[in-house]
Amino acid sequence: MRLGNQTRMLRRFACAVSLSATLAATPGCVPVFGYGDYPPDGYVATTEPVYFEGRPAYWYGNQWYYREGGRWNHYDREPAALHQRRMQGPQVRHTYEPPRGRPAVGHSGGRPGGRR
Amino acid sequence: MSAPDVRDLPWATLWDTLRRGKIRHMVAIPMEHQTVLNPSKMGTIATLLFGALAAVNCGGASANARPPATAASASEVDEVAAGLTEHHRHHHHGGVTLLIALSLDTLGVSPEERTAVEKIRRDLHARMEPARAAQQKLAAALAEGVAAADLDATTVDAAIAQVSAAAAKVHDASADALNELHAVLTPPERAALVDKVEAHWSVWQKANAEESDPANPEGSRLAMLTTDLGLTQDQVDKIRAGFGEGMKGVPRLDPQEIVTHIREFGDAFRSEKFDAKALNGANVANAHLAGWGAAHLAHFVEAVSPVLTPDQRAEYARRLGEHAGHSNGGNE
Numbered sequence: 365m366r367l368g369n370q371t372r373m374l375r376r377f378a379c380a381v382s383l384s385a386t387l388a389a390t391p392g393c394v395p396v397f398g399y400g401d402y403p404p405d406g407y408v409a410t411t412e413p414v415y416f417e418g419r420p421a422y423w424y425g426n427q428w429y430y431r432e433g434g435r436w437n438h439y440d441r442e443p444a445a446l447h448q449r450r451m452q453g454p455q456v457r458h459t460y461e462p463p464r465g466r467p468a469v470g471h472s473g474g475r476p477g478g479r480r
Numbered sequence: 003m004s005a006p007d008v009r010d011l012p013w014a015t016l017w018d019t020l021r022r023g024k025i026r027h028m029v030a031i032p033m034e035h036q037t038v039l040n041p042s043k044m045g046t047i048a049t050l051l052f053g054a055l056a057a058v059n060c061g062g063a064s065a066n067a068r069p070p071a072t073a074a075s076a077s078e079v080d081e082v083a084a085g086l087t088e089h090h091r092h093h094h095h096g097g098v099t100l101l102i103a104l105s106l107d108t109l110g111v112s113p114e115e116r117t118a119v120e121k122i123r124r125d126l127h128a129r130m131e132p133a134r135a136a137q138q139k140l141a142a143a144l145a146e147g148v149a150a151a152d153l154d155a156t157t158v159d160a161a162i163a164q165v166s167a168a169a170a171k172v173h174d175a176s177a178d179a180l181n182e183l184h185a186v187l188t189p190p191e192r193a194a195l196v197d198k199v200e201a202h203w204s205v206w207q208k209a210n211a212e213e214s215d216p217a218n219p220e221g222s223r224l225a226m227l228t229t230d231l232g233l234t235q236d237q238v239d240k241i242r243a244g245f246g247e248g249m250k251g252v253p254r255l256d257p258q259e260i261v262t263h264i265r266e267f268g269d270a271f272r273s274e275k276f277d278a279k280a281l282n283g284a285n286v287a288n289a290h291l292a293g294w295g296a297a298h299l300a301h302f303v304e305a306v307s308p309v310l311t312p313d314q315r316a317e318y319a320r321r322l323g324e325h326a327g328h329s330n331g332g333n334e
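In order, the protein sequence lines correspond to chains F and D. Residue numbering for the first sequence follows this note's numbering, beginning at 365 and increasing consecutively. Residue numbering for the second sequence follows this note's numbering, beginning at 3 and increasing consecutively.
Treat the hints with caution; some may be incorrect.
Here are a few chain D residues that face chain F, going by a calculated C-beta distance under 10 Å [said to hold, decoys possible]:
#1 83
#2 174
#3 175
#4 188
#5 204
#6 266
Worth flagging that the hints you see were computed from the coordinates, not collected in a lab. All values derive from a computational prediction rather than experimental measurement. Note that the Cβ used here is the ideal one computed from N, Cα and C, for glycine as well.
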């Protein structure tokens, strides 16, 4: 009886390992704990979004991200319209200060001097 | 892996974590519960746990899966975002209204709306002009004081008070422009604006609160100055001590007050009907944010100035003067 319990436990453990390995090998289905990479606040604050399906989307880290219900999601497959938009050029960004705190000549903190 | 306890997170990190929806996967299992787990059930539990995690993670469009970051995107983010952080270290006038105005810089509206939104953006900056002028006066006083190695505390304190007083009037002066903005924008653009205001607030917090944030010592104002001016460790220690002493007299900024105002603004602005005049606490929040930011900057400069060499002093005064000169916040 004791041996049977151990066998069942080993089988379940093997099943769990097998299932986790399958999940890990499935693209887009890797469980992620805690913190992940999303468009950082500094990116969202300085980048023009592309409006798609009634919401703003940001191209970041080779993914299109959007917010839904207060959390970030991304498209597994790039929608054709967003792909087409991306092929037209990078999303516009606004530079407020050059790196290391050296203000740009004629800096205004405002409009598209920072277009990249 | 161990999950962080949210009670241990600094407030800036906690806010950032909550608003970005990253906290839902943090599963804290009290240690005492580990002792009551029956080993014979561990396999079953593990199977169920993995199944649940798979369901959570695959239920939507791969929510929160880690994207493959490219080298190009990483370096671009660093440069532009660092510039925004530096901007938020020096420009506080207008409080949350300034964050709203800055959010218009990258809203990406349609060509049909662009002219109207640009007009509103200029209007907002015009309504903040008294606060901007007060901040410019403070920045100029700091630059001159550093250059002469003689910061006049009375002048600086008066300039800080002027920034706070002027910021207290910004929301009332801007309410019509904000209402007009709401009328011009589409619902997705309103949502994008609110996202950006929250993002600016998050960056502002990191830019101005990181001196006391042990989690980010390398990105602090002092760390940047250490690199840029070649400060010695002895100078850094003296600045840190002097800054801590100087800030003791400054009333603490309550981030919850700003968060509450931003949430109130965000909820109202996302809805179909919006009246900026109905936002309670906006003037107080703006005054506190702008006043604290000005005081934080001033006391930092006051701590830095006495320990600089003549060459470092000249360079630092030049930089402060440049910020004073371009502090028009886009009101070109």
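Point to revise | Hint check: 10 Å Cβ-Cβ cutoff, residue 175 of chain D to chain F | key: 19 Å, violated
Check your understanding: Holds or violated: is the Cβ of residue 266 of chain D closer than 10 Å to a Cβ in chain F?
Key -> 16 Å, violated
Review point. Against chain F, is residue 204 of chain D within 10 Å by beta-carbon distance?
Key: At about 4 Å, which falls below the 10 Å cut-off, the nearest Cβ of chain F leaves the hint on residue 204 of chain D intact, so it holds.
Review point. Are residue 83 of chain D and chain F close enough, Cβ to Cβ, to be under 10 Å, as the hint says?
Key: With a closest approach of 3 Å, the residue 83 of chain D hint holds.
Point to revise | Hint check, residue 188 of chain D versus chain F [nearest Cβ-Cβ separation less than 10 Å] | key: 8 Å, holds
Practice item. Using 10 Å as the Cβ threshold, decide whether residue 174 of chain D counts as touching chain F. Key: 23 Å, violated
Checked against the numbered hints given earlier, this structure breaks hints 2, 3 and 6; the rest are met.
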